[in-house]
Amino acid sequence: MLPRLSDNHVIPEKIFKMKVKCAAQVFSQRVSSTMNFLSSRNIISPDAVDTAFLCQFFDNLFDSLNGSFDKIVDGKKYRTAVKKNSPHHELWDQSLKILSTMRFIDKNGKTTSVPTIRNWISTIKSFQTLYKVLQSVNIRSFLPRHINQDSLENFFGAIRSVGSTNPNCNAFIMAYKTLVLNNLVSPQSPGANCEEDFTEGSLSSFRNLFDKAKHFQTKTSTGINTAADFSETTNQLSLTTAFVQGQTKTFIAGYILKKLNKDLFKNCKYCLSLLCSTVSNDHDHQLISAREYKSSYQSLKYPSLSLKSVVHNIISYVGKKMPVVCHHEHIFYNLCNDVHNIFNFDDILNCPEHHKIFPIKIVEIVVKLMINHYCTEINRILLGKKKVRPNENDPIKKIANAWHLKHSKRKVQGKFNLVT
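For the sequence shown, the UniProt record's numbering assigns the number 1 to the initial residue and increments by one for each residue that follows.
Honestly, the hints are just simulated from the structure, not real lab data. Treat the numbers as computed from the prediction; the structure is a model and nothing was measured. Any given hint could be a false lead.
[Unchecked claim] The list that follows gives simulated cross-link-like pairs (lysine-lysine, DSS-like), each with its CA atoms no further than 30 Å apart:
#1 76 - 294
#2 17 - 97
#3 21 - 77
[Claimed, not checked] Pairwise CB distance ranges (calculated):
#4 267 - 110: 50 to 60 Å
#5 156 - 73: 23 to 33 Å
#6 161 - 267: 12 to 22 Å
#7 241 - 145: 22 to 32 Å
#8 350 - 258: 40 to 50 Å
Even glycine gets a Cβ: it sits at the ideal position worked out from N, Cα and C.
Please construct the entire structure, taking both the sequences and the accompanying hints into account.
What follows is the structure in structure tokens.
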């Protein structure tokens, strides 16, 4: 339900204190809506509603200071440009009142002062003043996300990566010339509290990992469930876990339906009438309803039973095949062909305009999703962010865990801990 959260988000000793991303993923609408959903059904404590409110509050506040769109995207109305009649101004006024009443309690029960609240208040007031100044010179809107110094911080991080961490003028000039020759592809400073803007991104090679897999002997069976998050049968789970897993699978099917509508259907009424459920508040769609940004407006898609079934079957099949074929070439095209040969899509959609391209698109989306999910799982194991289950049958995950246990003694952290 919350795949982005890991030990680095919730365990104090493992939290990256300089990573805003970790805090933003915890104090998010996804976490808030999920906590509200679980607490309303007594799966977790009803007191979690208050925590959910706090997560939603900071999610809205962070969005209002991080807007990068001119129009509302995915229901995030605060992640837009600040204008005269935009909702930012009301939110900022309310936030100042709420923040001024917040207090931190230490482990001894005493009220303590931390700079976090003061800095939030100072930032909000600064943005309010900035908008007034810009308005006075006839600038009608601005994007808050552009008010940062990430590019400058990345540049100085690249300079330090070439030579000294505290260079003098001559060393700075020589480092800058080196970066120009290297097309500014030096890595970002490890642990930097900013986004990368000119690097090529993290590229990981599994060559060493898969070379070892050739010598790893294991017994595999077509009946073994190997996809950790998708392929476990509900018969082995408690009723609560089975309920949550079913809701998560339905949400995934809704996500795929929304992507199909964006890329293929283009709001085709006939296609949506066949693939969308006629009842949006039934038992299977409770999580999707809880994840809506506005209860009065449906921005998410509610999949029909037939679409939900075919998506789950493809996910289960690809999840079982990934440990066997993940080290082969062209796995995306091979898996897509296998799915087309095994599953029948004729009875799902008979739209004269989209029925031919529909099977191709849905298979490509699901297979790409599963490959990305599997690679993410392997990388998280390599980085020590995910533990392998005691009864794990996936040989690749076992090798990844063994590699992590061997190399973690070197205390290599961050993106440099990936197999190269």
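Each hint, compared with the structure:
| no. | hint | verdict |
| --- | --- | --- |
| 1 | 76 - 294 | 10 Å, holds |
| 2 | 17 - 97 | 27 Å, holds |
| 3 | 21 - 77 | 20 Å, holds |
| 4 | 267 - 110: 50 to 60 Å | 57 Å, holds |
| 5 | 156 - 73: 23 to 33 Å | 32 Å, holds |
| 6 | 161 - 267: 12 to 22 Å | 48 Å, violated |
| 7 | 241 - 145: 22 to 32 Å | 39 Å, violated |
| 8 | 350 - 258: 40 to 50 Å | 21 Å, violated |
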